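Peer 1: Spelled out, the chains give:
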Amino acid sequence: DTAVSQTPKYLVTQMGNDKSIKCEQNLGHDTMYWYKQDSKKFLKIMFSYNNKELIINETVPNRFSPKSPDKAHLNLHINSLELGDSAVYFCASSPRGGTGELFFGEGSRLTVL
Amino acid sequence: GNSVTQMEGPVTLSEEAFLTINCTYTATGYPSLFWYVQYPGEGLQLLLKATKADDKGSNKGFEATYRKETTSFHLEKGSVQVSDSAVYFCALLQSGAGSYQLTFGKGTKLSVIP
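Chains C and F are the protein sequences, given in the same order.
Note that my numbering numbers the first sequence so that position 43 is 43, with each residue one more than the last.
Note that my numbering numbers the second sequence so that position 57 is 57, with each residue one more than the last.
If we strip away everything but chain C, and leave its shape as in the complex, we get (with noise of 0.2 Å):
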């Protein structure tokens, strides 16, 4: 069973396009996070999550939308998709905000043509 699992593994879309990615974690933790991982590797936190309730939110263009449905899951919205958009998407989940011990599901490869 996939501890952190996120659908859909890759995303190829127009600009101006609006799409989702969706996560699920198995693991109980109470604690969830979206991550951006450019061309370059660089890792840059989005958003966190603790028992549904939003933690952080970085400056994060407010075409980007989270949503906590329960603390299993945490989905990413985003809309009128652009060019910068293009990256790697990760979401990982941790048992508590502080230990820093982070669960990362295998990301979602979003391409904006």
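Just so you know, these hints were derived from the structure itself, not from any lab.
Computed from a predicted model, the values in this text were never measured in an experiment.
Using N, Cα and C, we set each Cβ at its ideal position, and we do this for glycine too.
Among these hints, one or two may not hold up.
Over 10 Å on every C-beta distance to chain F, these chain C residues come out as not near it, computed from the model [unchecked claim]:
| # | residue |
| --- | --- |
| 1 | E24 |
| 2 | N26 |
| 3 | I45 |
| 4 | K52 |
| 5 | P61 |
| 6 | S68 |
| 7 | P69 |
| 8 | A92 |
| 9 | G100 |
| 10 | V112 |
| 11 | L113 |
Some, not all, of what chain C presents toward chain F, calculated at C-beta under 10 Å [stated by the list, open to error]:
| # | residue |
| --- | --- |
| 12 | V4 |
| 13 | Q6 |
| 14 | P8 |
| 15 | I56 |
| 16 | E58 |
| 17 | F64 |
| 18 | P66 |
| 19 | D85 |
| 20 | S86 |
| 21 | C91 |
| 22 | L102 |
| 23 | F103 |
| 24 | G107 |
Taking lysine-lysine pairs in the DSSO-like style, the calculated list, with each CA pair at most 30 Å apart, reads [stated by the list, open to error]:
| # | chain 1 | residue 1 | chain 2 | residue 2 |
| --- | --- | --- | --- | --- |
| 25 | C | K36 | C | K52 |
| 26 | C | K52 | F | K77 |
| 27 | F | K60 | C | K19 |
| 28 | C | K67 | F | K106 |
| 29 | F | K109 | C | K36 |
| 30 | C | K71 | C | K36 |
| 31 | F | K52 | C | K22 |
| 32 | F | K77 | F | K52 |
| 33 | C | K52 | F | K56 |
| 34 | C | K22 | C | K9 |
| 35 | C | K52 | C | K9 |
| 36 | F | K77 | C | K71 |
| 37 | C | K22 | F | K56 |
| 38 | C | K44 | C | K9 |
| 39 | C | K44 | C | K22 |
| 40 | F | K109 | C | K67 |
Given the coordinates of chain C, work out where chain F should sit on it, guided by the hints.
Peer 2: Same frame as chain C, now just chain F:
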């Protein structure tokens, strides 16, 4: 603010060579320090960690020692294998209530050739 600086890659080594990947940090107080590894096509995995000065984290033959005096957490392995080829990320977690944010370095790509 907090920051992590890693040596620039890529690093290419022959099998059984000694590996060092340098990592230094800037933070207030006493952060926890981590090394994560990302194998090709996968997400990051925690490799090792240290939570206080002079702690040594170790796993899978890799080691790193938390040096407060030099604000460093260099990753070492005595004899690398082809299967160690991956991108390695140094990270810190600032201590304190409600600290949820890991700060990552830019990653160092390691290629090990037979």
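Peer 1: With reference to the structure, classify each hint as holding or not holding.
Peer 2: Tested hints:
1. E24: It holds; C/E24 is separated from chain F by about 14 Å at its closest Cβ, greater than 10 Å.
2. N26: Correct as stated: the minimum Cβ-Cβ distance to chain F is 15 Å, above 10 Å.
3. I45: Non-interface label fails for C/I45: nearest chain F Cβ at 6 Å, not farther than 10 Å.
4. K52: C/K52 clear of chain F: closest Cβ-Cβ about 14 Å, beyond 10 Å.
5. P61: holds, 19 Å
6. S68: holds, 14 Å
7. P69: Holds: least Cβ distance 20 Å, greater than 10 Å.
8. A92: violated, 8 Å
9. G100: violated, 4 Å
10. V112: holds, 20 Å
11. L113: About 22 Å separates C/L113 from the closest Cβ of chain F, which puts it past 10 Å; holds.
12. V4: Holds - the Cβ of C/V4 comes within 10 Å of chain F, reaching about 7 Å at its closest.
13. Q6: Result: holds, 9 Å to nearest chain F Cβ.
14. P8: violated, 15 Å
15. I56: holds, 6 Å
16. E58: With a minimum Cβ separation of about 8 Å from chain F (threshold 10 Å), the hint on C/E58 holds.
17. F64: The hint is violated - C/F64 has no Cβ within 10 Å of chain F, the shortest such distance being about 17 Å.
18. P66: At 14 Å from the nearest chain F Cβ, C/P66 fails the 10 Å test, so the hint is violated.
19. D85: violated, 19 Å
20. S86: violated, 17 Å
21. C91: holds, 8 Å
22. L102: holds, 7 Å
23. F103: With a minimum Cβ separation of about 8 Å from chain F (threshold 10 Å), the hint on C/F103 holds.
24. G107: holds, 6 Å
25. C/K36 <-> C/K52: holds, 20 Å
26. C/K52 <-> F/K77: violated, 40 Å
27. F/K60 <-> C/K19: Roughly 39 Å between the alpha carbons, so the hint for F/K60 and C/K19 is violated.
28. C/K67 <-> F/K106: holds, 28 Å
29. F/K109 <-> C/K36: holds, 18 Å
30. C/K71 <-> C/K36: holds, 21 Å
31. F/K52 <-> C/K22: violated, 36 Å
32. F/K77 <-> F/K52: Holds, at roughly 21 Å.
33. C/K52 <-> F/K56: violated, 35 Å
34. C/K22 <-> C/K9: Given that 30 Å is the threshold and the Cα spacing comes to 10 Å, the pair holds.
35. C/K52 <-> C/K9: holds, 24 Å
36. F/K77 <-> C/K71: violated, 38 Å
37. C/K22 <-> F/K56: Not OK: C/K22 and F/K56 at ~37 Å, beyond 30 Å, violated.
38. C/K44 <-> C/K9: Status holds; Cα separation ~19 Å.
39. C/K44 <-> C/K22: holds, 18 Å
40. F/K109 <-> C/K67: violated, 33 Å
Checked against the numbered hints given earlier, this structure breaks hints 3, 8, 9, 14, 17, 18, 19, 20, 26, 27, 31, 33, 36, 37 and 40; the rest are met.
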